[in-house]
Amino acid sequence: MLNFPIFGGTTGHLLGAALATILVGPFAAVIIVTVILLIQCLAFGDGGLTALGLNLMNMAVIAPLAAWMAYKPFATRNDKVGVLVAAWTSVFAASIAATIELVGSFGLSGGAYGIEAAIAVPSMLGYHAVIGIGEAIITGGIYIYLAKVAPEIIRSRKVAKEAAS
Amino acid sequence: MIERRYLKAIVGIVAIFAVGLVFFFLFSAAYGDGLERTMEEAGVEEHDPVYQAPFSYGDDYLTALLAGILGFGLTFGVVFAYFKIAGKGKGERKEAR
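Taken in order, these protein sequences are the chains called G and A. Per the numbering used here, residue 1 is the first one in the first sequence, and the count goes up by one each step. Per the numbering used here, residue 1001 is the first one in the second sequence, and the count goes up by one each step.
Simulated from the structure, these hints should not be mistaken for laboratory data. No experiment lies behind these values; they were computed from the predicted model shown. Yeah, the Cβ is synthetic: ideal placement off N, Cα and C, and Gly gets one too. Wrong hints could be hidden among the right ones.
As the list claims (entries may be wrong) - In silico DSBU-like cross-links for lysine-lysine, where the CA-CA straight-line distance does not exceed 30 Å: (1) G:LYS148 to A:LYS1084; (2) A:LYS1008 to G:LYS148; (3) G:LYS72 to A:LYS1008; (4) G:LYS148 to G:LYS72; (5) G:LYS72 to A:LYS1084; (6) A:LYS1008 to G:LYS80; (7) G:LYS80 to G:LYS148; (8) A:LYS1008 to A:LYS1084.
To be verified - Covered by chain A, per the in silico footprint, the following chain G stretches (three or more residues, Cβ under 8 Å): (9) 29-36; (10) 54-64; (11) 76-87; (12) 131-137.
Stated by the list, open to error - Calculated from the model, a selection of chain G residues having no Cβ within reach of chain A, i.e. all distances over 10 Å: (13) GLY48; (14) LYS72; (15) ALA98; (16) LEU146.
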């Protein structure tokens, strides 16, 4: 887990779902991020075992698919902008899912678990809107570097080109 | 097996992260992430974990670096094995974290 600082003493951690999606496609990315989250949880105790199901849903399934949907319209026109948009969208989509889960959990448990909507919605979405920018900067940097030194490994380009022809 | 320039690209990215990690530690190690911050604002606390992991990320540069290398190896190994078994044969994946 790579944390980077945003404002007010808060950090974001790099998800990598968008990067994986752009390099190997959304479905392989689902598997890769799943493995990453499993290892982070089982080997390093990052993210509880009981939260693993929802973490996988948010970060390993929703994030890569959101990244792919965001990237696709840009792929043939401006892939660099597409990468930035995909990275931001992946983080924000995952945070929307997490917010729904927190608020839903709060409602279902009568306040015993989760976080009430009045706090969860503005905080989660606000912080992650900024964290998404950090994700976009790091993802974009790696993408530009890879596009320079090893352009043929970026699978999304091929996929987008095939779809266009 | 792995082409030279791929190796160069991997080394480049890993080196950037290895150097960058120092700065990440300076600025962010003490703070929680977006979710933790939200939990703090809501006054929600984490329960005791039901599962104890064998390793941790460590709390200084060296242990974190070792944890990163271990995590990279584990992730690469599992993903590579999966794609081998799935018969796709394209498990090469660089994940610098």
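The hints, checked one at a time:
1. G:LYS148 to A:LYS1084: The given pair, whose Cα atoms are some 28 Å apart, holds under the 30 Å limit.
2. A:LYS1008 to G:LYS148: Distance ~12 Å between A:LYS1008 and G:LYS148 Cα, so the pair holds.
3. G:LYS72 to A:LYS1008: holds (29 Å)
4. G:LYS148 to G:LYS72: With a Cα-Cα distance of about 21 Å, the restraint between G:LYS148 and G:LYS72 holds, given a limit of 30 Å.
5. G:LYS72 to A:LYS1084: holds (28 Å)
6. A:LYS1008 to G:LYS80: holds (22 Å)
7. G:LYS80 to G:LYS148: holds (12 Å)
8. A:LYS1008 to A:LYS1084: Roughly 24 Å between the alpha carbons, so the hint for A:LYS1008 and A:LYS1084 holds.
9. 29-36: holds (count 4)
10. 54-64: Violated: only 0 residues of the segment 54-64 of chain G have a Cβ under 8 Å from chain A.
11. 76-87: violated (count 0)
12. 131-137: violated (count 1)
13. GLY48: Non-interface label on G:GLY48 violated, nearest chain A Cβ at 5 Å vs cutoff 10 Å.
14. LYS72: holds (21 Å)
15. ALA98: Label violated. Min Cβ-Cβ 7 Å, cutoff 10 Å.
16. LEU146: The assertion about G:LEU146 is violated, with a minimum of 6 Å to chain A.
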